[in-house]
Amino acid sequence: MNAENREMVGGTRGKKKRGHPLLRWSTKQETFSHGFSQSDLQALSAICEAIMPPVPLLSLDLDMKLKVLRNDALLSFFKSSGSHVRPDEVAEVMATKAMPVTVTVVRIVLRLLTFRLGTLLLCGFVCLDKKNWSLLLLKFSDISLEKREKILQKWNKQWYNPLARIAFMMIKAIFLFYYFTWTNENTENPAWDAIGYKVDIGENEDTEHEQRPLEKGIIETAKEDEATIKQRMINKVVACGSLMTPGLLSSSGLRNPNIGRGLHIHPILMAWGYFPEKNSDFNGAAHEGEIMTSLHYVFEIDSTTPNITLETPALGPGTFAALIPWVSGSDVKVRLAKYARTSHIFVTVRDEGVFLSLFHLIFFFFFFLITQHLRNRLRLPDNVSAENQK
5 MNAENREMVG GTRGKKKRGH PLLRWSTKQE TFSHGFSQSD LQALSAICEA IMPPVPLLSL
65 DLDMKLKVLR NDALLSFFKS SGSHVRPDEV AEVMATKAMP VTVTVVRIVL RLLTFRLGTL
125 LLCGFVCLDK KNWSLLLLKF SDISLEKREK ILQKWNKQWY NPLARIAFMM IKAIFLFYYF
185 TWTNENTENP AWDAIGYKVD IGENEDTEHE QRPLEKGIIE TAKEDEATIK QRMINKVVAC
245 GSLMTPGLLS SSGLRNPNIG RGLHIHPILM AWGYFPEKNS DFNGAAHEGE IMTSLHYVFE
305 IDSTTPNITL ETPALGPGTF AALIPWVSGS DVKVRLAKYA RTSHIFVTVR DEGVFLSLFH
365 LIFFFFFFLI TQHLRNRLRL PDNVSAENQK
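Numbering (the numbering used here), first residue to last: 5 to 394.
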């Protein structure tokens, strides 16, 4: 890592060096509560740089190369690097949003990577460097970018090294999610222009907003009596999603023993297809139109209850970047460049009880392992474009 990237670690920078133009931030000194040390953040920054390294145009195919040369924002995106993102902010998002168990695994892996022996344990002999006819044992942040990318590719496929694989998957998801949800003071992210994501933030300022009586959570008691106030409070229903609702209802004072029951893990399979603009009957972008999820129910024979639901979700850039598989730095940037023309679909199995949900989860887990093994043996791509399917 160069001196500029090392200066980024820890959240303090000089006035002249403010990072890559795609990722500007304020010079105010923020305080973070993630608990990662300076050496941990240095290892985290090295991983982020290997996840999204600069991609030379010569490594791209002809169609993508022409697309990049016609778009200045896309050209800047392929030249940018993940090292320009502040590791402090990525660590803060991880510590506050991710599961505590996975954060602990990430802390252990990052701490091991700060030592030479720990790097040797997790990365193997690739951390050895020949210099002046002698072998030097390097820390992860001192390893070259090409070797770091190969290490991440190995972690992504290793089943016998669960700590490194879990840490890589968590860092990859959080980092890419933060990278494509970060905005400046003008609610802009230059990476959105590169992937074809456009946001209409126009507001009608001529329309005066009339404040509603309950907008601030206050009831006008002058127009109510004890009976009407009690009746209106009883008829109120508050919900914030199936996972958060039980905690909200319990903290609100409700003592119904059925609160929280019936929540099970939904095993799903997700697929996606890329529809090129050239020679395609589909116009527009995937994120345009109504923000809604289309549903299609699959019924069994002689049954009126659907067992399988096919859904086409509307994914924003951050969620899309966090969910797509990572094969290499150039591959993930090519996938992200196709965001506007990529459609998604996933299958949800209907819950019929705890045992059946557990059975489905085990079934889909082994199905995933088998497909991963066949893909590695046959060297199939993770997704197939609609043009190739034709």
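Don't read these hints as lab results, they were simulated from the structure.
Positions of the beta carbon are idealized from the N, C-alpha and C atoms, including for glycine.
Be careful, since some hints might not be right.
[Stated by the list, open to error] The list that follows gives simulated cross-link-like pairs (lysine-lysine, PhoX-like), each with its CA atoms no further than 20 angstroms apart:
1. Lys135 x Lys161
2. Lys134 x Lys161
3. Lys134 x Lys151
4. Lys135 x Lys282
5. Lys151 x Lys71
6. Lys101 x Lys282
7. Lys143 x Lys158
8. Lys143 x Lys83
9. Lys83 x Lys101
10. Lys161 x Lys151
11. Lys143 x Lys154
12. Lys83 x Lys71
[Claimed, not checked] Here are the simulated distance ranges between beta carbons:
13. Leu141 x Leu167: 17 to 23 angstroms
14. Ser43 x Leu139: 18 to 24 angstroms
15. Gly251 x Glu281: 43 to 49 angstroms
16. Ile349 x Asp65: 21 to 27 angstroms
17. Ser256 x Ser307: 34 to 40 angstroms
18. Leu267 x Leu62: 46 to 52 angstroms
19. Asp229 x Pro250: 49 to 55 angstroms
20. Lys134 x Asp76: 38 to 44 angstroms
21. Lys83 x Ser37: 52 to 58 angstroms
22. Lys134 x Ser347: 44 to 50 angstroms
Structure-inconsistent hints, enumerated in ascending order:
Hints 1, 2, 4, 5, 6, 8, 9, 19, 21 contradicted; others consistent.
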